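> Chains V and A, in that order, give the protein sequences.
Each residue of the first sequence is one higher than the last, beginning at 1 in UniProt numbering.
Each residue of the second sequence is one higher than the last, beginning at 1 in UniProt numbering.
Please note that the accuracy of each hint is not assured.
[Said to hold, decoys possible] Taking beta-carbon pairs under 8 Å as the criterion, some of the chain A residues facing chain V (in silico):
| id | residue |
| --- | --- |
| 1 | Ala-116 |
| 2 | Glu-123 |
| 3 | Val-188 |
| 4 | His-189 |
| 5 | Leu-246 |
| 6 | Trp-249 |
| 7 | Ala-405 |
| 8 | Leu-483 |
[What the hints assert, rightly or not] Every beta carbon over 12 Å from chain V, so not counted as near; a handful from chain A, in silico:
| id | residue |
| --- | --- |
| 9 | Glu-5 |
| 10 | Arg-64 |
| 11 | Glu-79 |
| 12 | Leu-80 |
| 13 | Asp-397 |
| 14 | Leu-464 |
| 15 | Leu-558 |
In short, the hints are calculated from the structure, not lab data.
Keep in mind that this is a model prediction, so the values were computed, not measured.
Where is the CB? At the ideal position from N, CA and C, for every residue including glycine.
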Amino acid sequence: MASRADPGGRLRHAPAETSRPRTRPPLHPGAWWLWALALGTAATRTTNPLLLALLMATSAYVVAACRPHAPWARSYSAFFKLALAVLVVRLVFAVVLGSPVPGTRVLLTLPELALPDWAQGIRLGGPVTAETLLRALYDGLRLAALLVCVGAANSLAHPARLLKSLPGALYETGVAVVVALTYAPNLIADVQRLRAARRLRGRPDRGVRGLLQVGLPVLEGALERSVALAAAMDARGYGRGADVPPRVRRTTGVLTLGGLLGVCAGLYGLLTAAGGTYGLPVLLAGVAAALAGLRLGGRRTLRTRYRPDRWDARARLVAGSGAAVAAMLVLASVRDPQALNPGVVPLVVPSLPLWPAAAVLLGLLPAFVSPAPRHRAAPAPVREEPS
Amino acid sequence: MIRFENVSVTYDGAPGPAVQGVDLVVPEGELVLLVGPSGVGKSTVLNAVSGLVPHFTGGTLRGRVTVAGRDTRTHKPRELADVVGTVGQDPLSHFVTDSVEDELAYGMESLGLAPAVMRRRVEETLDLLGLADLRDRSLATLSGGQRQRVAIGSVLTPHPRVLVLDEPTSALDPAAAEEVLSVLQRLVHDLGTTVLLAEHRLERVVQYADRVALLPSPGAAPVVGGPAEVMAVSPVYPPVVSLGRLAGWSPLPLTVRDARRRAAGLRERLAGRDTAAVRAPGAPVEPVPVPRPRRRFGRARPGEPGAGPVLAAEVRDLTVTRDRVRALRGVDLSVAPGETIALMGRNGAGKSTLLDALVGLVGPDGGTVRTGGVAPHRASPRELVRRVGLVPQEPRDLLYADTVAAECAAADADAGAAPGTCRALLTGLVPGIPDTVHPRDLSEGQRLTLALAVVLAARPPLLLLDEPTRGLDYAAKAHLVPLLRALAAEGHAVVLATHDVELAADLADRVVLLAEGEVIADGPTAEIVVSSPSFAPQVTKILAPQRWLTVGQVREALA
């Protein structure tokens, strides 16, 4: 575009950056999700606050280093706030409801509410002990770490990009789900815009009342947009199917349905004591039939994929680093349960177990393997006019 | 290629048909322009081509529509997707994916094209529409013009034989609009694509059309013919046609070039009567000679403008960063009472950001903004609303209530004005909007006027409008212009950000051109637009070197 030519010279650095060849394609989104979920798995293995904090810091560092410049990439902070809220709620519950942890160090005593007989076993108020609080803190931290890991996955790879890797037969369902998911971020953007518009009307643009008053217009707008999007998708060929002979269609149905039934029967067999012999083979046969059904169903869709994400060496490294963290912590939780789950009775200062901590640091690998595409995703002289 | 046979469409619950008696044949490779005032059913006709009417919208379609031999009654929109590409009015609601490149590929993926073909076509389309620099960008971060080009690109990649476009250029700056239109022209010439498009800004498109289909009024049968003959009877027409009618030229010229060749006589008659002294009629307040703050030594001297009249707004060395992007850098601007200023420039040049800074929606990262003597981003909303009012690009954002009456009552309460102020203003602006109607059901023009009345209820000395004529037909525009002139005459300062050069010529005393977030020109309208090829209105181009801006001026001079 002609406008790139900049007489001012102030932007002289910009063309070099924007015209830089696209050096590396983005990482496979599956790799990010595996990495993040593995970190989450690792978080469930421990209640050691130091390890959990280290895990969260690891994910935060990687997100800061790797996230692309896109609106959805900002969801990390939202998840962080959510995690904080969960932690606070957990602590409040522990204070109000107490917990079965036998504690001796009473910090304060809340007035206890007398409950009727049928509510025996529930206590409201009463003494709050340091042990109770600490246990709640550990538990809450574990949940928070899990949430933060999911948030990291969300901001590193948009769930929509995972769609590209879905089998053809499931694609359309997937699109529907993703469109439903993008409803929420659009809603938030609308709320921000309309609250700003309230300022133009001379009304305060903060506060709960402001939020409530823009509620209806926001919902209306979001609904209208969804309908418009559905029309656009329809006109662009979404849901076009190939003609398949009725025989193939029937076979697909039988295979999928039969396969799912087989999976149920097989699982039942595995779980009941009597069916130990037929359980596994039936389960395997069911899975195979269901997969065949999916594959055959894929014939009905014409879809092809444009530049599918490649599962390359970087993706393997990223997913592998996450898996390594999870594996090491699982191993550690078996070998050294004391260090990973510090007791609260009696109160002890949790110590940082050395080699599990080192293992967590393995999760930093993606920051070096696949740093942010920032230099090309955020070109300086964009002529943006957010409306 | 497209054939309408006695088509009428009635939506569910509507008292009468939205369109009826449509008989229209568009042969292959033709560019047909659909024109008519707002609300005559242009979008209905367009959507009937892609099958969205009636498959998606509901309603009853009588008659028959065939596209490339396929009857839309038996083919759903998705089964027409390989022959028809449709772009609606709002590109943002058209996007399915979230990055430019994926969006271009989406339609092809649905049609099941081979990966190698897709790759090639995406690259071709990126070049064709000048999007190569944006290929990795998220769609949410694009400016309006960029979005429109991506939307057109996304339906071009499957190589449809028919392209249907609803107002493709109304959100674009003149240069970007020309870019898009020349792409369409190339598709028609080189690929034999059939194009059917509706557009309000006729001055941009009419010369590209092979034929024009005019829907004169709601429910009336279309008039189809060559552009010149249809323009002769059309209730909507561009300035060049207006000038042609005034001068009695026949056949009517449609392009500036044709008009210039005829205009020798007219120029003679007008000779000596032009000069810059001819000002937009009805703007009695001479532009106050505001001393342009000169930064001779790099810094503005404090207290410099104290000698002049009290300014409605003053911006000094303003720098604003939005989303890590410098949207404005070192902008200086003074707005005097009674003055009308048009902010012009490319999409994304920073016009909206400057307006937002003037009402305090964004705070400055450097420099100062004073609106009516206060810093707008720090002022409380109640205080600010009496100093400055902004009608945003989407006037609906301002409206919350479910009836016009409730909206007006709320506006009075917000502004602390006497009850009935807003309603009286609205009736003064456009008579005949009933109290009970929902703001959503108003036409674009009526909704804009309602938003304007809401803003004016607080009598702000400074009135800002962001793209006020987007989606307005000529009649609504003709109504808006005297209205804004009257406000300026009362002493309101008016600043409008617009791509509409005809509007700016009609209305503005001063034009400020922005580029890359900097002010590149600031001066009287006549001086600025006359010297600019892309911002000059049609009348100026036709009558150059004389300096006329609007048909109204010419008519007055001849009278």
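> Against chain V, does Leu-558/A hold up as non-interface, every C-beta pair farther apart than 12 Å?
39 Å, holds
> Is Glu-5/A truly not at the interface, in the sense that its beta carbon sits beyond 12 Å from all beta carbons of chain V?
Check passes; 22 Å lies beyond 12 Å.
> For Leu-464/A, is the shortest CB-to-CB distance to chain V above 12 Å, so the non-interface label stands?
9 Å, violated
> Hey, does the Val-188/A contact hint survive, CB to chain V under 8 Å?
At about 21 Å, which exceeds the 8 Å cut-off, the nearest Cβ of chain V leaves the hint on Val-188/A violated.
> Have a go at the Trp-249/A hint: is there a Cβ in chain V nearer than 8 Å to its own Cβ?
Interface hint status for Trp-249/A: violated (35 Å vs cutoff 8 Å).
> Close enough to count: is the Cβ of Leu-246/A nearer than 8 Å to one in chain V?
Because about 36 Å separates Leu-246/A from the closest Cβ in chain V, which is outside the 8 Å limit, the hint is violated.
> Would the stated hint for Ala-405/A survive a check requiring a Cβ distance to chain V of less than 8 Å?
Given a least distance of 16 Å, the restraint on Ala-405/A is violated.
> Is the shortest C-beta separation between Glu-123/A and chain V less than 8 Å?
11 Å, violated
> Closest CB-CB distance from Leu-80/A to chain V, is it above 12 Å?
Contrary to the label, Leu-80/A does not stay out of reach of chain V, its closest Cβ about 8 Å off (not over 12 Å).
> Are Leu-483/A and chain V close enough, Cβ to Cβ, to be under 8 Å, as the hint says?
Violated, because the Cβ-Cβ distance from Leu-483/A to chain V comes to roughly 19 Å (cut-off 8 Å).
> Taking the shortest Cβ-to-Cβ distance between Asp-397/A and chain V, state whether it exceeds 12 Å.
4 Å, violated
> A cut-off of 12 Å on Cβ-Cβ distance, and Glu-79/A was said to be off the interface with chain V. Does that hold?
7 Å, violated
This entry does not satisfy hints 1, 2, 3, 4, 5, 6, 7, 8, 11, 12, 13 and 14, going by the numbered hints stated previously.
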